[in-house]
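Use the sequences and the hints to build the structure in full.
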Amino acid sequence: GQQLNQSPQSMFIQEGEDVSMNCTSSSIFNTWLWYKQDPGEGPVLLIALYKAGELTSNGRLTAQFGITRKDSFLNISASIPSDVGIYFCAGDFGNEKLTFGTGTRLTIIP
Amino acid sequence: DVKVTQSSRYLVKRTGEKVFLECVQDMDHENMFWYRQDPGLGLRLIYFSYDVKMKEKGDIPEGYSVSREKKERFSLILESASTSQTSMYLCASSQGPPGQYFGPGTRLTVT
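Protein chains in written order, with my numbering: chain A, 1 to 110; chain B, 1001 to 1111.
Hints in this document: simulated from the structure, not taken from any laboratory. C-beta: ideal position from N, C-alpha, C; glycine also. Be careful, since some hints might not be right.
[Said to hold, decoys possible] Quick look at which bits of chain B chain A covers, simulated, 3 or more residues with Cβ under 8 Å:
hint	region
1	1011-1024
2	1065-1075
[Said to hold, decoys possible] So the derived list for chain A, only partly shown, Cβ under 7 Å to chain B, looks like this:
hint	residue
3	LEU45
4	PRO81
5	THR102
This is the structure we're talking about:
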């Protein structure tokens, strides 16, 4: 199966900074999902996107479903310490056989 | 509250052993999934099930099998464990889109 290209692989930022990450695919997805994984835990769903061009927010998080349906973006504004973790994008063709990105590890420098 | 539990957080097995990883969900979900997570590779789907006694191969089923005798329980079986199967194993369940609920994972080491 394919994997999604997710970038950057890791980010080191200071508290209060904004964060951007993205995923690209060679395939067209029906749904894009963004998950966050805290250390020692399973991933938790943050945002689900269903239509090309859709922009959806969840608190300080904003995600977009790319117009081509082959990419998606996640932005985090004014980062706080609890934002630390690994963020994964995932694409769904509609059958729940999710294809995950390789992850972006977010670290906040004190 | 949604709950997916996995039988062990850490497991150490020897090469050639038969290994059972158990997953239980208490949400009456139809769909259950097994993934493995490796650094730099993200999560990869091993097997999934849309119903009791039903199973379908995911992207990397080789060396694994599954069993779903009851709706709430989905087991991953490594018939003869190998060192290449050292990984984090994650179970998930869902009742359809938008997303899957994950357990905390089992970190398996095969020596």
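Which hints from the list above does the structure break, by number from lowest to highest? 1, 2 and 4
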